[in-house]
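Based on the sequences and whatever the hints tell you, model everything.
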Amino acid sequence: MQQDNISKNNFEQCLKCDLCTTVCPMKSVNPDYPGPKQAGPDGERYRIRDPRFYDLTLRFCLNCKRCEVACPSGVEVGDIIQTARIKYGRSAHALRNSLIANTDFVGSVATSHPRAVNGLADKPSFRSILDAFGIDRRRHLPQYASERFSKQFNALSQDGYARFVTFYHGCYVEYNYPSLGAALIELLNVCGYGVRLLDREKCCGAAFINNGLSARARINAKANAASIRKALENGSEDIVTTSATCTLTIRNDYDHLLGVKTDDIRQHVMLATKWLFGKIDSGEIRLAFREDWKGHYAYHTSCHMQMLGWQIYSIDLLKMIPGMQLDVLDQECCGIAGTFGYKKENYEYSQKIGEKLFADIARTGAGTVVADCETCKWQIENGTGIKVLNTIEVLLDALDIQKTRELNR
Amino acid sequence: MKYDVVIIGGGLAGVTAGIRLQKAGRKCCIVSGGLSLNEVPRQEFIAMGGTFLTGGRVLGGVWKGDVLESLVVSNLEGTGLCADNYILATGKFFSKGLVATMDNIYEPLFGCDVDFERDRSKWYDPDFFAPQPFEKFGVKTLDGRVLRDGVPMKNLYAAGEILAGDVDIVNSALDICSRII
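Residue numbers (my numbering), protein chains in the order written: chain P, 1 to 409; chain X, 1 to 181.
In case anyone wonders, no lab produced these hints; they're calculated from the structure.
The beta carbon of each residue, even a glycine, is placed where N, CA and C say it ideally should be.
It is possible that part of the hints are untrue.
What the hints assert, rightly or not - With the C-beta cut set under 7 Å, the calculated list includes, among others, these residues of chain P facing chain X:
1. Pro72
2. Gly278
3. Asp281
4. Gln306
5. Leu308
Said to hold, decoys possible - Per the computed footprint, the stretches of chain X lying under chain P, defined by three or more beta-carbons under 8 Å from a beta-carbon of chain P, are:
6. 76 to 87
7. 93 to 107
This is the structure we're talking about:
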């Protein structure tokens with residue numbers, strides 16, 4: 001479709017039908033937000049004439065991309081809004097935003113003093129300070145790990161494998177939740193694959209993009225694209241991930257929003273569940289599950305997972321487990337949208353958006369939620385008190401490790 | 001990725017067919033192009049174990065003679081979607097089930113035969129409130145199967161708005177289901 005357009009993102013294809021507005025989680029709770037049609041293609045017509053038409057309420061956009069999924073005309077509504085924010089946006093909270101977006105910096109500091117940071121994060125006095133700084137006090141801060149994932153990884157031997165994939169772990173696994181990375185490595189090793197890491201991995205840049213720091217995001221995008229290219233040249237079959245958002249950012253936003261070309265690598269960057277499903281589908285990998293394993297789980301499709309269209313891989317993998325009772329939740333936004341929900345001015349909206357999903361989860365009676373997104377995990381655990389696991393963790397938990405290892409020898 | 005039936009389009013016809021087939025024990029996948037307003041039936045379809053895929057767009061098919069072997073879907077590189085039978089329920093012009101140019105109307109995914117008036121001046125009735133001729137344009141079928149170059153395809157059916165003539169959306173979907181079951 002793009003070949004018929006003179007401007008980017010299929011802007012001219014918008015029919016003004018407003019379907020995007022009906023699926024916008026922000027519009028449904030915040031009448032001040034004009035909604036994706038007006039913020040995107042409608043507003044763009046004016047902004048092209050005069051940048052002063054830039055509307056400050058565009059900061060409410062969650063960048064969830066649900067508008068793009070809904071658009072029957074293929075207009076990249078979300079990208080139009082993000083591009084406008086990059087071009088014209090100014091933030092009143094520049095210091096807070098640059099800190100909250102700089103996951104590598106905060107993560108490095110926090111993981112070098114994890115006990116002090118985690119202790120502080122629970123202190124009401126510290127949360128009051130953060131609140132004054134613009135990070136809502138009602139929000140639980142993510143806990144930091146005592147040892148970074150990449151350090152733990154270096155202690156593991158990955159010798160003796162004939163085939164390799166590279167794991168793009170992302171900031172969340174690196175600084176907060178290394179056990180997810182460890183679970184993926186065990187799963188891949190059991191399936192007969194060795195794992196490597198990128199030579200130089202940087203944050204994917206999603207948080208920079210969402211906080212209007214596109215120059216910083218572009219630096220990371222270029223570095224990651226180069227590292228990924230090198231990993232593929234060095235014999236890794238694919239780059240696997242555990243986060244839908246990092247994956248979408250690398251695959252789509254590097255090119256669409258930051259102008260970093262990724263045509264040669266993007267099809268090799270995928271969630272580990274898509275990769276695993278492909279290998280099972282082609283008969284290269286076989287999984288055996290424990291017969292005594294039983295569980296009742298609810299699967300939540302994160303917005304970026306929906307945009308990728310890969311929820312079917314995670315859901316089908318989970319359905320392969322014989323003792324699995326799986327409720328697939330309707331595809332509602334959880335409301336956090338990465339760093340968005342941490343900001344004081346957004347907290348109420350964020351919680352309001354999540355209400356429908358929280359009620360859906362309660363209705364299923366499931367003891368655990370499964371999602372392929374780390375910030376959905378924080379929001380759902382915060383909002384419901386129910387534990388959220390990544391698909392990879394559930395698969396590994398239900399796996400008959402001995403048998404699977406023999407099947408893939 | 002193998003299903004019994006893959007339905008292209010998550011509107012009223014697609015979801016109706018999905019629920020009916022899922023009830024009959026068929027493993028179904030609906031690929032929604034976005035235009036999916038039927039929240040309650042969609043939830044019922046998912047609760048019955050059906051797969052509802054959003055975010056991926058069908059780009060075309062892989063054919064072996066008159067048999068559709070698999071669908072090429074954006075984002076699903078490598079795997080694609082396979083099924084024994086397929087139902088085309090992509091609707092008419094608004095949802096891009098049919099595409100109109102200045103002198104042609106075509107079905108963009110598979111190049112199915114479309115029944116329409118060649119003379120463009122006969123597409124519209126100048127009386128705005130009169131029934132418009134273009135509303136009846138749609139794909140041609142024989143026993144529910146779509147035609148390509150006049151030949152009925154073995155495993156590709158069409159249901160709903162995309163059909164030519166006066167269409168009963170729900171019943172056209174149920175009719176296809178009874179042929180598949």
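Evaluated hints:
1. Pro72: holds (5 Å)
2. Gly278: At 5 Å from the nearest chain X Cβ, Gly278(P) passes the 7 Å test, so the hint holds.
3. Asp281: holds (6 Å)
4. Gln306: holds (5 Å)
5. Leu308: holds (6 Å)
6. 76 to 87: Three-residue rule met by the region 76 to 87 of chain X, so holds; n is 4.
7. 93 to 107: holds (count 3)
Taken one by one, the earlier hints all hold for this structure without exception.
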